[in-house]
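Visitor: When you get a sec, could you build the whole thing from the sequences and use the hints?
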Amino acid sequence: MILFWGANWPIMKVGLDYIPPLMFGAARMGIGALVVFAILAASGRLALPTKTDLRIVLSEGLLHMAAPIGLMNLALLHVEAGRSAILSFTTPLWIAPVAVLLLGERLSPLKLLGLLIGLSGVGTLFSPFGFDWSSPDIVVGNALLMLAALTWAIAILVARTQGVVRTPLQLTPWQLLLSAIALAIPAGIYESVEDVQWSYELCLVMAFNGPIASGFCFWAALVVSRELPSITASMGFLGVPVAGVLFSSAFLGEALTPALVAGLVFIVGGIALVNLGDAYAARTSIGPLAAPLRRPRIEARPPSS
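To convert, note that position 123 of the sequence shown is 125 in the working numbering; the numbers rise steadily by one, no gaps.
What follows is a list of derived Cβ distance ranges for each label pair: (1) 111 to 263: 23 to 31 angstroms; (2) 44 to 136: 48 to 56 angstroms; (3) 19 to 257: 17 to 25 angstroms; (4) 100 to 80: 21 to 29 angstroms; (5) 229 to 102: 26 to 34 angstroms; (6) 263 to 145: 19 to 27 angstroms; (7) 194 to 267: 39 to 47 angstroms.
In case anyone wonders, no lab produced these hints; they're calculated from the structure. Remember, predicted model here, so these are calculated numbers, not experimental data. Note that CB positions come from ideal geometry on N, CA and C, so glycine has one too.
Guide: Now the structure itself:
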């Protein structure tokens with residue numbers, strides 16, 4: 003999953019040479035939905051979401067899938083794939099302070115340290131010495147990536163406060179389908195099929211993005227989240243932006259500048275400390291006098307790159 007999602011950053015960058023960004027996202031999510039629908043139908047587990055599941059389907063489909071995918075594709079028109087992979091993965095840094103303010107969660111010293119280190123990485127990427135503030139397209143592109151991370155953070159916070167009846171895998175194709183529809187509407191208004199340059203390369207990009215980067219990787223992320231300890235899964239997901247930077251450098255020739263490498267190290271390190279802070283807090287809260295911590299039965303997935 004890490005290899006597929008990491009490799010998909012330069013693949014998406016190539017795909018945008020042949021298809022408009024919103025149309026690209028709609029096609030990708032639509033194909034992914036068909037793949038997961040087929041898997042569930044073949045295994046006899048296909049089911050409609052219940053009324054209780056609708057809020058999760060809406061928040062995940064719109065805020066976790068449609069909005070980030072559309073924003074990231076638009077940003078990739080102006081921002082390097084490696085940098086995009088890093089900034090789109092800053093979501094855990096935005097969850098921590100919002101969860102403290104809105105959900106009353108405690109910000110432990112370890113999490114606070116991780117937050118400060120991660121934000122210093124963001125500051126490194128936007129340093130006047132390593133960022134071209136004179137280009138409106140680059141500024142807007144980077145802003146779109148930060149907004150994509152924020153929308154995914156909101157989706158996770160909604161998931162923390164809502165329960166579900168169906169399994170996450172049973173809800174995934176409906177979320178993918180909703181995101182495909184949500185992206186297809188603005189794509190039909192602002193983009194044209196005539197802008198699509200049909201080619202062998204585009205077919206390969208869609209063959210990877212639909213069944214593999216969307217259908218398989220979402221399913222794989224769910225399996226990882228359910229079968230491995232949460233801290234193991236969270237730390238493992240940090241490999242996605244690292245792989246994205248390395249693949250972008252190898253296949254697109256993007257430069258590994260000191261600012262990019264430093265930003266990557268700080269952001270990944272900061273997120274790792276935030277995750278470790280969560281694990282430590284959960285471990286120390288277990289005891290005969292500790293109140294049980296109840297969480298809705300749903301897994302938060304990594305950025306759907």
